[in-house]
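Trainee: Sequence:
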Amino acid sequence: MRSGGKSAAYSASEKAVLAHVPTAWVHEITERVGLPKETEQTIHDEETLFDELAEIREHGYALGVEEQSSGVRAVRAPVMGPDGDAFGALSATGPANR
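Numbering-wise, UniProt numbering puts 71 at position 71 of the sequence shown, and it's gapless, one number per residue.
There's no promise every hint is true.
[Said to hold, decoys possible] Pairwise CB distance ranges, derived in the manner of DEER restraints: (1) E31 to G94: 26 to 34 Å; (2) H27 to P95: 31 to 39 Å; (3) H27 to R98: 34 to 42 Å; (4) N97 to E28: 33 to 41 Å; (5) D83 to H44: 31 to 39 Å; (6) G60 to T23: 17 to 25 Å; (7) A92 to E55: 16 to 24 Å.
In case anyone wonders, no lab produced these hints; they're calculated from the structure.
Cβ atoms here follow ideal geometry from the backbone N, Cα and C, with glycine treated the same way.
Take these sequences, add in the hints, and give me the full structure.
Mentor: Set out below in structure tokens:
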């Protein structure tokens, strides 16, 4: 994605941030924009999303395996501010076949 681009609220970098915001915010976002399926690996239901957000909080990073684009994997970690809020994410992306 280019700087300033848009991506789904449930992609790896967004999940890295969503894992650290109030549950009500996540519900509001999914109600507003939905969870459209972009690939066969895309999360498309809230229960799965919330399970994955819990794993992200536990492990400290988010994995994306062909969720937005076939053939692409990503690992992303939230950037935390001094108050403990996530305000962004750092990511590394590469081909899924490596």
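Trainee: Against each hint, give a clear statement of whether it holds in the structure.
Mentor: Hint check results:
Checking the proposed 26 to 34 Å range against E31 and G94 shows it holds: the Cβ atoms sit about 33 Å from each other. Taking 31 to 39 Å as the suggested C-beta distance range, the pair H27 and P95 conforms, at roughly 34 Å. One distance hint, 34 to 42 Å for the beta-carbon pair H27 and R98, holds here, with the actual separation near 36 Å. Between N97 and E28 the Cβ separation comes to about 37 Å, which falls inside the hinted range of 33 to 41 Å.
At roughly 33 Å, the beta carbons of D83 and H44 sit within the given window of 31 to 39 Å. Separation of G60 from T23 is about 19 Å and conforms to the stated range, judged on CB atoms against 17 to 25 Å. Between A92 and E55, the C-beta spacing of about 18 Å keeps the proposed range 16 to 24 Å intact.
The structure fails none of the hints (numbered hints given earlier).
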